[in-house]
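**Q** Residues per chain, in single letters:
Protein chains: 2
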Amino acid sequence: MTTADDRPPAFPRGINLHGDDPQAMRRQLRAYFTSTFDRYESLFETLACDAAYYEHAIPLRHPLIFYFGHTATFFVNKLLLTHLIDERLDPRIESVFAVGVDEMSWDDLNEERYDWPSVAEVKAYRAKVRAMVTRLIDEAPLSLPIDWNHPWWAIVMGIEHERIHLETSSVLIRQHKLAYVKPHPHWRPCTEAGAAPDNSLVKIPAGSVVLGKDKSSPRYGWDNEYGRHEADVAAFQASRHLVSNQEFLTFVEAGGYSHPGYWEDEGKEWLDFTHAEHPSFWVPASNGWRLRLMTEEIPMPWNWPVETNYHEAKAFCRWKAASSGQPVRLPTEDEWQRLLDHAGQREVADRADHANLQLAHFASSCPVDRFAHGDFFDLTGNVWQWTETPIYPFEGFDVHPIYDDFTTPTFDGRHNLMKGGSWISCGNEAEPESRYAFRRHFFQHAGFRYVVSKELKHVPGSHYETDKLLSEYAEFHYGDSYFDVPNFPKALVDLAIDALGDTPRRKALDLGCASGRATFELARHFDLVTGIDFSARFIGQGVALARGESLRYTLVDEGELVQYKSRSLADLDLQDTAGKVEFFQGDACNLKPQFTDYDFIMAANLIDRLYQPARFLESVHERLNLGGMLMIASPYTWLTEHTPRADWLGGFKKDGENFGTLNGLKAVLGAHFEPVGEPCDVPFVIRETRHKFQHTLSEATFWKRVR
Amino acid sequence: MTTADDRPPAFPRGINLHGDDPQAMRRQLRAYFTSTFDRYESLFETLACDAAYYEHAIPLRHPLIFYFGHTATFFVNKLLLTHLIDERLDPRIESVFAVGVDEMSWDDLNEERYDWPSVAEVKAYRAKVRAMVTRLIDEAPLSLPIDWNHPWWAIVMGIEHERIHLETSSVLIRQHKLAYVKPHPHWRPCTEAGAAPDNSLVKIPAGSVVLGKDKSSPRYGWDNEYGRHEADVAAFQASRHLVSNQEFLTFVEAGGYSHPGYWEDEGKEWLDFTHAEHPSFWVPASNGWRLRLMTEEIPMPWNWPVETNYHEAKAFCRWKAASSGQPVRLPTEDEWQRLLDHAGQREVADRADHANLQLAHFASSCPVDRFAHGDFFDLTGNVWQWTETPIYPFEGFDVHPIYDDFTTPTFDGRHNLMKGGSWISCGNEAEPESRYAFRRHFFQHAGFRYVVSKELKHVPGSHYETDKLLSEYAEFHYGDSYFDVPNFPKALVDLAIDALGDTPRRKALDLGCASGRATFELARHFDLVTGIDFSARFIGQGVALARGESLRYTLVDEGELVQYKSRSLADLDLQDTAGKVEFFQGDACNLKPQFTDYDFIMAANLIDRLYQPARFLESVHERLNLGGMLMIASPYTWLTEHTPRADWLGGFKKDGENFGTLNGLKAVLGAHFEPVGEPCDVPFVIRETRHKFQHTLSEATFWKRVR
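These protein sequence lines map, in sequence, to chains U and D. Residue 1 is where the first sequence starts when you use UniProt numbering, and the numbers rise one by one after that. Residue 1 is where the second sequence starts when you use UniProt numbering, and the numbers rise one by one after that.
These aren't lab readings, by the way, just hints derived from the structure by calculation. The reader is advised that the hints may include incorrect statements.
What the hints assert, rightly or not - With a cut-off of at most 30 Å between alpha-carbon atoms, the simulated DSBU-like pairs for lysine-lysine come out as follows: (1) U:Lys692 <-> D:Lys468; (2) U:Lys692 <-> D:Lys654; (3) D:Lys704 <-> D:Lys580; (4) D:Lys203 <-> D:Lys457.
So that you can see chain U by itself, here it is in the shape it has in the complex (with noise of 0.2 Å):
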């Protein structure tokens, strides 16, 4: 047992930023700052010698050295950026400290040498940092409430940071050798062991579950918490208890991890790499399993829960389906909610008394039915708990502009989310609306609970387009307008709208649609219209935006640096016309015989794109009613790259005359069509970097088929 004094001081859990008293914020903060780094600090004290900091714990990360002092150089990187400061305090330090946190991946080592500060430096760095930092909480001027926009949002962000590394560096200690740590009065696992609860099933109805966090929230948020998402959640069975070591050794017992057919892909790619046979924390011994804590071995807590990756959790569930006959797999975010809404246990983290979570009560887990949340146990706390749901974006979604890395690079459907938090998990970690992910081999203190359901949603897409021609063209359709050029596709629909005056309706059809914003915009007036590009990744915007998903895309500002966009149809006040598009890949010059009986066909820069405009413009004819329109624009770029020189439509000399490309539209159209009103130059922008801009007139005819 501990005495009093050997307890660490108390922790705070937060900080509401809406306080309207800027002296009690700075107090607040102090002590949130001070506590965070002085915990932090404390943690590397269960480090047994110096050599301990340096010798890599595994191999895909950064010695322990890195992460000492990372957390004080992120205070000075965002702190210059939001202009707190002005310089930095160690260039040198600062410069080996930045970057290199991101998780390495098990095939993607990085065998790159650094040159490491001794301890004492960084010890010496980081009390500079701290005396910064304070001077700042104490002396900068200060507004209140503090923001997302707000220029302190970067301490509270530093301490926020520093919090996870907290964890992740307990993690890094928990991989060490033994040899290299220590016990510390401050970081004392708990004693209580036993045999595991048996484990049952909980029936949760079907319900509704409502995510994401408002800018106006008081708390601190990580910019993926932001937005909104809505969705019905099926009803479902879930395990009361997460998954105890003893009830993962009935599968490590039954051969699960040398039996192949339990294992996704990318598991069994993970288990071939590293000829795992049990979890990560259990120690075989000649009496039996142990288990590796922070910094001792124990013998095997049977009723602690487990401890896995992603895949060995999978592995577990798809076993369980197969001996059990039913759908057994993880719970998805959603569903994770949806049981925390079920058992009233949103303000969980609040309560200290109420779960192993925020350092209150253990430096380690403990056993699975010692904290109950109505009808089940652990729904928060002890470890955290891997999802089916690759993390995505909520709509809303926007990068934090001091840190735009943070989520993006994670939005590529290998990065699963895990809810709950583990017994370090402190601050913004322990909050239900955090949303930690990670690659699915990773190692956290993260286990799961498993779910009966024959349903899994499908997760909404996550990928940022970097492809520099889809993204300049979603910005183009969907994004800003530039040296005030209104919206193309939207303008030429408000042109055609006008010269179609009271013609039918019914039926319209966007040739060479892109993105396809006028295929959107014309279905404000039609029945029915139909979206056809050469190119089935443009149509590929236009068929994910119709699903109710955001365009996500990146756009240069200079060089390698990005902006991250995101558009939906709602944003635009288009949602309403989602139901009546429809988009195909499809050639213009060779057109199914289906799109057929259109009132009104738009081609909007696809002539001088086509390898046989004449082809097309000879049986446009053929899709059109008789008194249909056919618009077309273009800039009339005629490139031999696209279009071979004897099939250009116009742009040369004819019979020793110039004829232009309007020359040869009437003469190709004359044998269906007559000109309707006068040719008009709509200008468009499309966007490349941040100062660059392709800035073209694109010229519009209306073309009436009158045979």
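For this one, chain U is given, so just place chain D on it according to the hints.
**A** The following block gives chain D in isolation, referenced to the frame of chain U:
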């Protein structure tokens, strides 16, 4: 002898287009048109049979049937362009007769086959055109005066065009087989012949000439006649007579055609190809030389002017120079004008009795001592006179919108001017202002007069820049504004002058000057401005402008269609800066030592095109006086094709944070510079086609050298 009835009707000599009586103008134009159309048709009556229309007179040009139809089709094509008519008369015939007029080269044979209409069909077609044009002249709305932009200009153009073909077709008939031609009462040659007079040299004192027609002139002119050219002409001597057949015989008999030393390279190539041994119209016969006229051969009239191409005339001069020891050559265009001025013969063309011109006397040449003009004979008329001058555009040259390829294809340094006209030159052809140029190997009714002079002036550049990048930059620097964006180099200089305040303005350096506009703009304010660019082709544009020449370039409108543009310093009120600039080719990353002691250095759109931008920035202070100012403007468009990734100044994450180019500039320049003022974006637009533009923002920053 012919009777009065046999004589052709009187042939109007040209027309004053500035009358104020529309009915009188209609009468005059009708007579001008009808007489020209008649005379042209009568020319073809010298053909002996229909076969004569279809066999090539010379392989390098179309058969005569083409020319018979072509002048009629030309009316249709040009009247369509000025909208005096709306429809073609006969699309099939007009497609056949539209193009192919361009003289082809002896080294550029074209063996295309044509499906020619019958002579009767062409006659019927000509009758339709005649009726259409006559009706237009009688009935179309007419406001006076008829000038360059007037729709009726197309009518006058059609008539003058046919008068040109009257002459060129007469040459083809003269080159046709004798069996294919027959004498005609309207086309009777001169019958006077005898021994030639001795030629002698007449001294012309130095003087100046002014060439170029004004757009307000009441006479029709082709595009190349307009604008202005002033020149000082050094004293020279000129032969009193055109070179006669007799005088040329000495050269032939001296073996001139087989002596390569007398021939220029291009002349030697022509000689190798043709194996010519005497003038083209000379016919060797058993009883001595004979001369081919249009419809007959006659015994050699020794006192008529010899007819040669430029190469033969030039070889004669080189032979004569070699044998006389004097600098004998052909006159330049300026010298021919000086002759005319000196002899007071500018108005000679209007006087029917005064020259063998305008078909006023014969359908052939006549003796070289028949028509005296002051101290000379045949300053105009008899045969054309080759000059040393390749045709080039006068200052202010502009293409005519309905005939943009009348002259521009001949601005290639390979087409030499002929002056003075021949016995068949009528209307515009007969005017001293007219400027006809042909390939130097080409035959017309053309001979020469020689001059003796040590000087041969540089001919102004005639080249139209068609290279995409160079012509786009010419327009970018010196051309028009688009989207209301002010001229970029000028805007930068205005910004710079503001920023410089009252600092010294002795020497400025425009580094990466490209086409040089900012160099000239800076020279409004500095005593000396150095423009340096990596590209000698760009430098060439500034050098030409500083030399007083115009920058001529084509701009793509659409596909292959271009417009012709020209700019001089005077157009931009920069003519006074020419003496204060110097241009050098150089590498900003490795500048020669002499470029130093500047008060101001501008580097616009440069740094992101350098292969080692830091190397440039680290040493640029060495070029700048202490207290001097450096201006950098750049869109920061970093591309690995210009700058290796490792050498970018910014535009990437550094130590985990966004590091923009401005950060990079501060870091590199900090050692010697302090930033002045705030960065500002200066827009620029580069025109690619009539519809397509690059629209870019260049961030301008100022840096004062303080160390």
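**Q** Now, for every hint given, state plainly whether the structure supports it.
**A** Verification of the supplied hints:
Taken as a hint, the U:Lys692 and D:Lys468 pair is honoured in the structure, with Cα atoms around 19 Å apart against an allowance of 30 Å. Straight-line distance between C-alpha atoms of U:Lys692 and D:Lys654 comes to about 23 Å, which keeps the hinted pair within the 30 Å bound. Only pairs whose Cα atoms come within 30 Å are accepted, and D:Lys704 paired with D:Lys580 is accepted, the gap being roughly 24 Å. Under the criterion of a C-alpha separation no larger than 30 Å, the hint pairing D:Lys203 with D:Lys457 is consistent with the structure, at around 19 Å.
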